[in-house]
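Novice: Under numbering that gives the first Met the number 0, the residues of the sequence shown are numbered 0 to 318, in order.
Some clues are possibly wrong.
Straight-line Cα separation of at most 30 Å, DSS-like style, residue types lysine-lysine; simulated pairs [unchecked claim]: (1) Lys204 - Lys192; (2) Lys89 - Lys101; (3) Lys101 - Lys51; (4) Lys87 - Lys51; (5) Lys56 - Lys229.
I should point out that these hints are in silico values taken from the structure, not numbers from a laboratory.
None of the values given here were measured: they were computed from a predicted structure.
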Amino acid sequence: MKEYALGIDIGGTNIVCGVVDRQGNILVEDSFITADFPRAGNMVDAVFAKFKEMKTKLAKNDKMTGIGVGAPNGNYYSGCIEQAPNLKWKGSVPLAEMFRKKFRLPVFLTNDANAAALGEMIFGGARNMRDFIVITIGTGLGSGIVCNGQIVYGHDGFAGELGHTIVYPQGRLCGCGRFGCLETYVSAGGLGKTIGEMLNFSRHKSRLRDIPPGEITAYMVYEAALRKDKIAIEAFDFTGRILGMKLADAVALTSPEAIFLFGGVCRAGDYIIRPTKKSMEEHLLPVFRNKVKVLKSELLDKNAAVLGAAAMVWAELEK
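Given these sequences and hints, build the entire structure.
Specialist: This is the structure we're talking about:
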């Protein structure tokens, strides 16, 4: 008999679920469009229907041990998604209980970036580390902080919201309702806004001028950078400078061994990592300089959040 867990990653754009074994192999995986579910209950029903399909691909005596969920503003203590700015489900959504009633399995929920950090710690580049940070850059910006081998949750379950620390007090409007949050500059949407602003104020030729601003993706910017597009390269430099500045603050608070970058924007590799590292070193206190690695996630081609959500099941059950 083999044991499996269902890992679910709820993002602002997509929801991905996968059946994962103890070795970190995702046996079956599928995805949904988040916007297709105006109510959380509709999403739970859809995942349950997909789960029944997935089970047919497993051996009859295999055991499903539980469900792990990573979600924006997912509260580990309450099992609720609370006031998530990038989701339509407003207020407090008791998602863990909803899954528990539907699936009749143990369910554990945490912030999606915390789930990614668990995945990196168990299956990725942080396997031998006890102090590190994972930055997830997608629709928004999340951060999972690990100190002494433990995820930092804080007293209420919401520690580690680096994406909603302020970069410019009079800056861009954020989905959380405030102005100038880090994720308004360092995220897929933030990169698109930066490109739009640069195109308005620059005379440089760019293949990105032919694309409507709302349709520019991080991958398009990366492709343009590969072709030495000056606007694309400058946009990555600008994004990296801001991210590096805020990472220097995070280093001062937790002194991590490494910071892992995960998500679509990070597929740009050195175009985003090099300016981020340079800016971080410039803003660090001297005592921290040249000590902290900035690395691309080793799970970038896998779903670290799904793996981490599944790993959380086994970690919790073993407690």
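Novice: Each hint should be assessed against the structure and marked as holding or not.
Specialist: Here is what the structure says about each hint:
Our distance criterion of 30 Å between C-alpha atoms is met by Lys204 and Lys192, whose separation comes to about 18 Å. Using a Cα cut-off of 30 Å, the hinted pair Lys89 and Lys101 holds, with the two alpha carbons roughly 21 Å apart. Pair hint Lys101 plus Lys51 holds up; C-alpha atoms about 12 Å apart against a cutoff of 30 Å. The hinted pair formed by Lys87 and Lys51 meets the criterion: a straight-line CA distance of about 26 Å does not exceed 30 Å.
A hinted pair counts as satisfied when its Cα atoms are at most 30 Å apart, and Lys56 with Lys229 does not qualify at roughly 49 Å.
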